[in-house]
Amino acid sequence: MTPKGTAWRTHRCGELRAAHARQRVRLGGWVHRRRDLGGLVFVDLRDRAGLVQVAFGPGWSPPDVLARAGGLGSETVVVVEGEVVARPPDMRNSELATGDVEVHAAQLEILGPAVTPAIPVARAKGEDLAAEELRLKYRHLDLRRPEMQANLMLRHRLLQRARETLSDLEFLEIETPILTKPTPEGARDYLVPSRLHAGEFYALPQSPQIYKQLLMVCGFDRYFQIARCFRDEDLRYDRQPEFTQIDLEASFVGQEDVLGFVEAVLVALWEEAGHVIGRPFPRLTHREAMERYGTDKPDQRYDLAIADWTAQVRPLGVPFFQSVMKDGSRVRGLAVKGGGALSRKDVDQLAEAAKQLGGAGLAWVKRQGEQISGSVGKHFTAETLGRLGVGDGDAALMTVGPDRVTSPVLDKVRQEVIRRLAPRPATAHAFCWVVEFPLFEPDPATGRPVFAHHPFTSPHPEDVAKLEGDPLACRALHYDAVYNGHELGSGSIRITDPAVQRRVFAHLGLTPAEAEARFGFLLAALAAGAPPHGGFAIGFDRVTMLLAGAASLRDVIAFPKTTAARALFEGAPAPAGPADLATLHIEVKR
RNA sequence: GGGGCUGUAGCUCAGCUGGUUAGAGUGCCGGUCUGUCACACCGGAGGUCGCGGGUUCGAGCCCCGUCAGCCCCGCCA
Numbered sequence: 064m065t066p067k068g069t070a071w072r073t074h075r076c077g078e079l080r081a082a083h084a085r086q087r088v089r090l091g092g093w094v095h096r097r098r099d100l101g102g103l104v105f106v107d108l109r110d111r112a113g114l115v116q117v118a119f120g121p122g123w124s125p126p127d128v129l130a131r132a133g134g135l136g137s138e139t140v141v142v143v144e145g146e147v148v149a150r151p152p153d154m155r156n157s158e159l160a161t162g163d164v165e166v167h168a169a170q171l172e173i174l175g176p177a178v179t180p181a182i183p184v185a186r187a188k189g190e191d192l193a194a195e196e197l198r199l200k201y202r203h204l205d206l207r208r209p210e211m212q213a214n215l216m217l218r219h220r221l222l223q224r225a226r227e228t229l230s231d232l233e234f235l236e237i238e239t240p241i242l243t244k245p246t247p248e249g250a251r252d253y254l255v256p257s258r259l260h261a262g263e264f265y266a267l268p269q270s271p272q273i274y275k276q277l278l279m280v281c282g283f284d285r286y287f288q289i290a291r292c293f294r295d296e297d298l299r300y301d302r303q304p305e306f307t308q309i310d311l312e313a314s315f316v317g318q319e320d321v322l323g324f325v326e327a328v329l330v331a332l333w334e335e336a337g338h339v340i341g342r343p344f345p346r347l348t349h350r351e352a353m354e355r356y357g358t359d360k361p362d363q364r365y366d367l368a369i370a371d372w373t374a375q376v377r378p379l380g381v382p383f384f385q386s387v388m389k390d391g392s393r394v395r396g397l398a399v400k401g402g403g404a405l406s407r408k409d410v411d412q413l414a415e416a417a418k419q420l421g422g423a424g425l426a427w428v429k430r431q432g433e434q435i436s437g438s439v440g441k442h443f444t445a446e447t448l449g450r451l452g453v454g455d456g457d458a459a460l461m462t463v464g465p466d467r468v469t470s471p472v473l474d475k476v477r478q479e480v481i482r483r484l485a486p487r488p489a490t491a492h493a494f495c496w497v498v499e500f501p502l503f504e505p506d507p508a509t510g511r512p513v514f515a516h517h518p519f520t521s522p523h524p525e526d527v528a529k530l531e532g533d534p535l536a537c538r539a540l541h542y543d544a545v546y547n548g549h550e551l552g553s554g555s556i557r558i559t560d561p562a563v564q565r566r567v568f569a570h571l572g573l574t575p576a577e578a579e580a581r582f583g584f585l586l587a588a589l590a591a592g593a594p595p596h597g598g599f600a601i602g603f604d605r606v607t608m609l610l611a612g613a614a615s616l617r618d619v620i621a622f623p624k625t626t627a628a629r630a631l632f633e634g635a636p637a638p639a640g641p642a643d644l645a646t647l648h649i650e651v652k653r
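Here the working numbering runs 63 ahead of the position in the first sequence, where the first position is 1.
I should point out that these hints are in silico values taken from the structure, not numbers from a laboratory. Idealized CB from N, CA, C, for every residue including glycine.
Lysine-lysine pairs mimicking BS3-like chemistry, simulated, CA-CA at most 30 Å apart:
#1 K418 with K441
#2 K244 with K624
#3 K475 with K408
Pairwise CB distance ranges, derived in the manner of DEER restraints:
#4 L379 with A614: 41 to 51 Å
#5 P594 with D231: 19 to 29 Å
#6 E296 with L379: 42 to 52 Å
#7 V148 with L242: 52 to 62 Å
#8 R302 with E650: 23 to 33 Å
#9 F283 with R96: 48 to 58 Å
#10 Y300 with I182: 13 to 23 Å
#11 P245 with V563: 17 to 27 Å
#12 A569 with A181: 53 to 63 Å
#13 R487 with A169: 52 to 62 Å
Produce the complete structure using the sequences and hints provided.
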């Protein structure tokens with residue numbers, strides 16, 4: 064018996080190799096597929112390690128075993144005992160890791176008969192997956208599929224690697240409460256009614272933010288947690304109502320220290336998935352990111368960057384630009400190498416996408432030899448285009464307006480151009496840091512400055528003076544990790560001066576009394592001797608999704624919610640009975 | 001909260017301009033078969049066309065509403 068052997072089995076199905084030949088083994092697993100040739104029966108037996116072919120034949124299987132093997136239904140759990148046999152060369156199956164051997168079964172026990180599965184586990188080549196609704200409803204079957212098993216096994220390895228990496232860096236894993244206190248700002252909280260205190264509620268944590276800061280004040284120095292977080296907001300393919308963060312915080316650190324810790328973790332995670340990543344990651348400021356890519360999470364696998372062409376274009380007197388050019392408006396665009404390959408239909412669809420984002424539309428010029436065409440082509444010469452970096456066979460895509468409008472438009476156009484032209488990426492793994500985020504952003508409705516991050520983020524020390532007079536120009540010690548256009552996580556250096564923290568709460572519109580009621584415990588802690596500290600949170604589900612090549616978070620979470628935040632398998636949420644509600648002092652309005 | 005796509009056999013899908021008895025593959029059931037590996041072959045069962053209403057001589061198909069899943073916008077400090 065190998066170390067993996069148990070009361071029921073000696074090996075896992077998927078681990079058998081030519082070296083096991085002539086060994087007597089017992090295997091437990093699920094009937095993946097059966098091929099009944101009459102006198103011979105083949106069963107592909109599956110467990111988490113993979114598939115192995117079990118052969119039943121008159122030469123080695125008693126008649127009753129052979130007969131029962133012919134009647135095995137899909138997904139039945141069986142234990143077989145028999146000899147591992149090397150297959151003759153012409154009977155090997157190179158598509159199977161175990162394909163050089165098969166097990167000649169002498170015994171067969173049916174341990175878990177199975178009804179016909181509602182959705183297939185064994186899928187024919189080229190057969191589509193069952194509808195996602197059904198995969199979620201019959202999750203016990205969907206998770207048996209080798210692809211899902213591989214995703215969750217990768218997730219396990221990544222978790223262990225994160226723990227190991229942070230432990231080696233002397234981070235302490237400390238758990239924080241799940242039943243916690245509602246927060247006044249940010250995402251909607253999931254609330255849990257209190258039985259003992261009528262009308263009072265716990266909240267599930269949106270993140271362990273305040274607790275980890277308290278742990279720094281307590282002197283734990285370096286903390287991490289694989290933390291479950293909850294936010295009651297609408298969902299996307301990459302957003303679940305409960306999700307997992309690799310949460311960390313450290314004391315006596317500056318921004319450089321935190322970025323170093325996070326790089327160490329990310330490099331280790333990517334290595335675990337088989338990718339070699341260089342350090343340090345390149346940096347760009349939030350301002351640069353918005354200028355060159357129109358987004359705070361640029362996909363830097365591709366060189367294509369946004370340029371400001373206002374000065375070059377102004378003298379040309381192009382009506383499309385002229386009409387919109389006023390204070391604060393700029394002409395910005397993309398010089399697309401090989402953009403001549405974009406069809407008229409492509410360009411029209413790009414322009415349509417631009418309009419849907421509220422842009423003025425998209426002006427375009429194509430250069431093909433001496434031929435210059437496009438919506439504003441007649442205003443451009445080859446020489447002008449050359450100065451914009453638009454060569455033979457290239458195209459220029461431009462828009463005009465205030466940055467607030469043109470940045471998202473050009474971000475979208477850039478992504479679409481990349482998708483359509485599918486240029487070879489400069490690198491497969493483009494990590495970067497986006498630093499110097501603004502502390503405030505204008506409220507889209509009122510224009511008033513509102514906090515761009517949580518209210519514990521420290522202002523940039525050079526900008527503290529602007530806090531009152533020019534808040535929108537005030538930078539924060541806040542940073543994001545970005546990978547191939549995905550935000551992997553964010554962090555900041557925190558406020559440790561209770562006076563500064565009170566001023567920030569005042570900015571949020573909290574009166575001193577309200578600030579005291581909601582965050583008094585934090586203010587008290589900060590006043591009790593707080594070390595400088597900062598931290599980060601990595602979106603672990605998203606990292607796993609990207610490393611697994613999965614299409615959505617749902618494929619790397621064992622039991623996820625639908626986009627309507629329902630759990631189809633177990634049927635949550637569900638109504639509560641009148642007795643439960645009474646105990647919780649709750650009356651439900653319908 | 002708003003927009004889009006999808007919903008037909010257990011599963012994946014087709015179903016023309018509204019027209020007779022709604023099809024295919026797979027799975028399932030029965031049968032033949034000793035080297036298959038998506039086994040092959042023969043036969044069979046299997047349908048609330050998501051749900052409700054409407055238009056029409058007639059609705060899987062058109063209209064209205066609704067439910068569910070997915071994607072997007074808002075939202076996610």
